[in-house]
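Go ahead and model the full structure; you've got the sequences and the hints to work with.
Those protein sequence lines, which keep their order, are chains U and D. Going by the numbering used here, the first sequence opens with residue 1, and the numbers climb by one from there. Going by the numbering used here, the second sequence opens with residue 113, and the numbers climb by one from there.
Calculated directly from the structure, the hints in this document are not laboratory data. Each statement offered as a hint is correct.
Under the rule of at most 16 Å between Cα atoms (straight-line distance), these lysine to aspartate or glutamate pairs were calculated in the EDC-like manner:
| no. | chain 1 | residue 1 | chain 2 | residue 2 |
| --- | --- | --- | --- | --- |
| 1 | D | Lys161 | D | Glu176 |
| 2 | D | Lys161 | D | Glu178 |
| 3 | D | Lys207 | U | Glu59 |
| 4 | D | Lys211 | U | Glu59 |
Restraint ranges, calculated between C-beta atoms of paired labels, are given here:
| no. | chain 1 | residue 1 | chain 2 | residue 2 | range |
| --- | --- | --- | --- | --- | --- |
| 5 | D | Ala198 | U | Ile53 | 39 to 45 Å |
| 6 | U | Gln73 | D | Tyr151 | 24 to 30 Å |
| 7 | D | Thr117 | U | Ala40 | 17 to 23 Å |
| 8 | D | Ser121 | U | Pro8 | 26 to 32 Å |
| 9 | U | Gln62 | D | Ser138 | 24 to 30 Å |
| 10 | D | Leu158 | U | Glu22 | 18 to 24 Å |
| 11 | D | Ile172 | U | Gly54 | 32 to 38 Å |
Since this is a predicted model, take the numbers as computed values, not measurements. Backbone N, C-alpha and C define an ideal beta-carbon position, used for all residues, glycine too.
So you can see what is in the structure, the chains are spelled out below.
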Amino acid sequence: SQTIHQWPATLVQPVGSPLSLECTVEGTSNPNLYWYRQAAGRGLQLLFYSVGIGQISSEVPQNLSASRPQDRQFILSSKKLLLSDSGFYLCAWLQGGGNTIYFGEGSWLTVV
Amino acid sequence: AQSVTQLGSHVSVSEGALVLLRCNYSSSVPPYLFWYVQYPNQGLQLLLKYTSAATLVKGINGFEAEFKKSETSFHLTKPSAHMSDAAEYFCAVQKNDYKLSFGAGTTVTVRA
Chain U
1 SQTIHQWPAT LVQPVGSPLS LECTVEGTSN PNLYWYRQAA GRGLQLLFYS VGIGQISSEV
61 PQNLSASRPQ DRQFILSSKK LLLSDSGFYL CAWLQGGGNT IYFGEGSWLT VV
Chain D
113 AQSVTQLGSH VSVSEGALVL LRCNYSSSVP PYLFWYVQYP NQGLQLLLKY TSAATLVKGI
173 NGFEAEFKKS ETSFHLTKPS AHMSDAAEYF CAVQKNDYKL SFGAGTTVTV RA
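Now the structure itself:
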């Protein structure tokens, strides 16, 4: 069966520090991969999605970037965090040819 | 463009009472529609989905939803609320390019 894992689960980082959140999907190949952010009062916002290795689409201009170095690995990064980057980050995947997006456990980021 | 509107950001029900969460969608083509549940500090879990088969869709934990094209609705119901149903619920519509557009969410509290 397919599983998705993201880490770390909780992160407290100072303003201006770098960020790396990782997400790995197991049990499938060539999935679509997504990063969503859930900020207080702002619902779920799609940040990035990827249909293949090295292929990244950004949905909103922001201080973050994403990379997909391997088929089942998706990384969310920042060189310098802002207070506004705080939130709950969710990685998700879609089986190629499927119609259902599944989510990871989420990562809490607090920028202080 | 596809989008969803969830009516009511908070719903409070008594244990054993009917749970009704409202979702209306706008879509230029027959959509794929989803309900997800999010328990505190966790990722999103798929409750059920409509993919143009049966209009009454049964999901996990006793929930079901009915697709009504004439009303552009996909309301979620459960006949008898349980304390464990306390969570946030999201309605979502899948766009043509396999991205999800989410409603703002409805928080359900269950009174003993």
